[in-house]
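A.B. asks: As given, the protein sequences belong to chains A and B, one line each in that order. Following numbering that gives the first Met the number 0, the numbering of the first sequence begins with 0 at its first residue and continues without gaps. Following numbering that gives the first Met the number 0, the numbering of the second sequence begins with 0 at its first residue and continues without gaps.
By construction, these hints were calculated from the structure, which means they are not laboratory data. Take these hints with a grain of salt, some might be off.
Said to hold, decoys possible - Reference listing, derived: stretches of chain A covered by chain B, where coverage requires no fewer than 3 residues with Cβ under 8 angstroms from a Cβ of chain B:
1) 37–50
2) 109–117
3) 139–151
4) 157–169
5) 312–320
6) 354–365
Stated by the list, open to error - Derived EDC-like pairs (lysine to aspartate or glutamate); straight-line CA-CA distance at most 16 angstroms:
7) K399/B / D315/A
8) K23/B / E123/B
9) K399/A / D396/B
10) K25/B / E123/B
11) K399/B / D396/A
12) K268/A / D315/A
Treat the numbers as computed from the prediction; the structure is a model and nothing was measured. Even for Gly, the Cβ is constructed at its ideal location relative to N, Cα and C.
There are 2 protein chains.
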Amino acid sequence: MQQIDGGVTAAKGFQAAGAEAGIKYKDRKDMALVFTEELAVAAGTFTTNVVKAAPVLWDQQLISGGKPVHAVVLNSGIANACTGEEGAAYNEQMAAAVAEACAVKKEEVLTASTGVIGMQLRIEPIQKGARLLKEALSDTREAARAAAEAIMTTDTVSKECAVVFEAGGKQVRIGGMSKGSGMIHPNMATMLSVITTDARIGQELLQKTLRSVVEDSFNMISVDRDMSTNDTCVVLANGKSGMDEIQEGTKAYDDFKEALLFVACELAKKMAGDGEGCTKLLEVTVKHAASEEEAKLLSKSVTTSNLVKTAIFGCDANWGRIACALGYSGAAFDPGVMDICYKSEYGELTVMRNGVDAGYSEEEASNILSAEAVTVIVDMKQGDAEATAWGCDLTYDYVKINGDYRS
Amino acid sequence: MQQIDGGVTAAKGFQAAGAEAGIKYKDRKDMALVFTEELAVAAGTFTTNVVKAAPVLWDQQLISGGKPVHAVVLNSGIANACTGEEGAAYNEQMAAAVAEACAVKKEEVLTASTGVIGMQLRIEPIQKGARLLKEALSDTREAARAAAEAIMTTDTVSKECAVVFEAGGKQVRIGGMSKGSGMIHPNMATMLSVITTDARIGQELLQKTLRSVVEDSFNMISVDRDMSTNDTCVVLANGKSGMDEIQEGTKAYDDFKEALLFVACELAKKMAGDGEGCTKLLEVTVKHAASEEEAKLLSKSVTTSNLVKTAIFGCDANWGRIACALGYSGAAFDPGVMDICYKSEYGELTVMRNGVDAGYSEEEASNILSAEAVTVIVDMKQGDAEATAWGCDLTYDYVKINGDYRS
């Protein structure tokens, strides 16, 4: 497997576009389309929030039906959540407008929205956007980038990733885009992610594989522990690589899953590293936990602690806050044996050893923590399980952005 | 029941003191003592964090033994958590130093610590503090205030409360103090709370009553969702009011429990309203939930949401964030019927009705949210249960305080 420059148009047969529809923002792209002429098998994972946005309900119904699709249309600016039946109607109109422009059925068009909760969409921008998107559809690198930019809200950079691997003599590609910066605590945040591939795979297997991959990628990131009403990750597989259909238990499957996991993890890390107001990516690896479930609980408890996040912002090696967050994670363990280590491009340093202060240089620790990507490694010494979670620091700018998001 | 000016010396027979021991801080009180000549029945609730401070382990052992006590000694500056056997020895020495100064047994002295995790205490300040505390012990209002001040860390105000009620012709008093500003998400935070009463009550009944009261008071507040390693709430009852022993099922018991709950809620609200860097007390009442457990889950999910907390800081009526936090609380409900209302001294306004935008003036909402105490009322329309949780806004100053707490 090899990483390549690209996004949702990297895989054969996929086109994309971004357009200025005027959904809510002015003078910026706010509507995106991903399209495949060849019908694609579709899998998706969605927010588990009880309050679900209209597009989430629409996609869940389509995907559980198992039928292939042609497109995903996405908008930023308005989340279409807490909008009742009126919101559901606007969402259906968004799918219908794209379907009409592209001469497919509305039931072959998935939807996704991100932005302010509680506000209604308007029909004019939707229809204008659908026309513009259809005109701009293209399989170029630029088209993928335009789509990735159109779904940004408080994101500061667009997020894309693509890889290529070989299966049965064919080049298979997976490419994706995502957005997400605030309200990020997926189980599924408002994270939106669209991944396309020209692999050939059945719908049930794709859905099962996606669910497993999401557990170890998107569901391991958190910006603010606020799980969104709109989280959506969909994968479209159109088979255009010409490969034979992927079967579970084969090398082709293992390679596909590895490649999908890589793309999902890269997109997930890009979201965590672009968390609202953040200056650093925080990676927390918990080793030797009693079980994988506990390793995940422990690592996420550290990435979601406001006290850890502010300490990382301040380059303060205050490891007691990490010990504290591990302690309230819900996992049972012996705090008297664990080690905590900081690592970055500037070095590696054990700050807690066997449950107590390791005796270290505060200056050295602070220097390590000043990097743009900081890793915390916790050795529980309880078992063999390991997990990694990703988050970011908590800064003045997070408060600034969210103290006045809507204006 | 009537609220009176006072703290831990309000009840008969209780003395208190605060002293400059030099534990970690300079030129400020950092050690406190609460003492009763008459042995007192003791009840306590403690952090459920797996990582427990040395004084927590000490108190849990003493209180589970059921024996009466003479004193509680507390220090600020160093939490004595993650300090291993050495830390346990220092903690025992702190109890022993106070026991010697006051001519009681060390097993009759409860302990509590708050401050930096991972740092060891030193014996000289402990011994100096014990001597100074014994000399300063007094039953005056000032002595109670000195004790309450000595346990502050990042608190900006000391926290005390006292009430008096009548039982069997006797005046019974309950007074308490607490500290807590950061790492506050009790189940039990570093919150420390000592409540004294001259009521006469058995140990088992006092413990049971305290546990129930803590559930509806301290355990309903959160500053940063970080549950401390040191949370401690102890109640001492010395019987000096001269009343007959309180029996469950009597009016005296109901009055006692009501008075204890009042004191605990007042102390809890004072902590939430003095959260690190905060400008506002946030109260969230969830009405008509399906069960009390769900009402508590729902209300706490709102008070602990960073996005809600920053919106409240910014006086932004962004109710979608409240709906979102309710949705990921873990409670099951129909989001299509609920109402959300803001209330403060400046008015009351419904912003969400039956699951969608109620159509309201942003200006009016913003004005209501500009008060120092803001209440969010959520009507779930699912059942009869109700709960209230308390928190605070998330501000630049929280980031400032915690980006560099230790220096």
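A.B. asks: Against this structure, judge whether each hint is valid.
C.D. replies: Status of the hints after comparison with the structure:
1. Check result for the stretch 37–50 of chain A against chain B: holds, 4 residues qualifying (beta carbon to beta carbon below 8 angstroms, three or more required).
2. With 3 residues carrying a beta carbon less than 8 angstroms from a beta carbon of chain B, the stretch 109–117 of chain A meets the three-residue requirement, and the given coverage holds.
3. Only residues whose beta carbon comes within less than 8 angstroms of a beta carbon in chain B count, and the stretch 139–151 of chain A has 0; fewer than three means the coverage is violated.
4. Check on the stretch 157–169 of chain A: 0 of its residues sit with their Cβ under 8 angstroms from a Cβ of chain B, so the three-residue criterion for coverage is violated.
5. By the rule of at least three residues with a Cβ nearer than 8 angstroms to a Cβ of chain B, the coverage given for the stretch 312–320 of chain A holds, with 7 such residues.
6. Closer than 8 angstroms: that is the beta-carbon criterion, and the stretch 354–365 of chain A has 3 residues meeting it against chain B, so the requirement of 3 holds.
7. Of the pairs offered as hints, the one joining K399/B and D315/A holds, with about 12 angstroms between alpha carbons and a cut-off of 16 angstroms not exceeded.
8. Restraint check for K23/B and E123/B: the C-alpha separation of about 12 angstroms stays at or below 16 angstroms, so the hint holds.
9. For the given pair, K399/A sits about 12 angstroms from D396/B by alpha-carbon distance, which is consistent with the 16 angstroms threshold.
10. In summary, the hint linking K25/B to E123/B is supported, as the alpha carbons are separated by about 14 angstroms, within the 16 angstroms threshold.
11. Simply put, K399/B and D396/A have alpha-carbon atoms about 12 angstroms apart, close enough for the 16 angstroms limit, and the pair holds.
12. Among the hinted pairs, K268/A with D315/A is inconsistent with the structure: their alpha-carbon atoms are about 23 angstroms apart, more than 16 angstroms.
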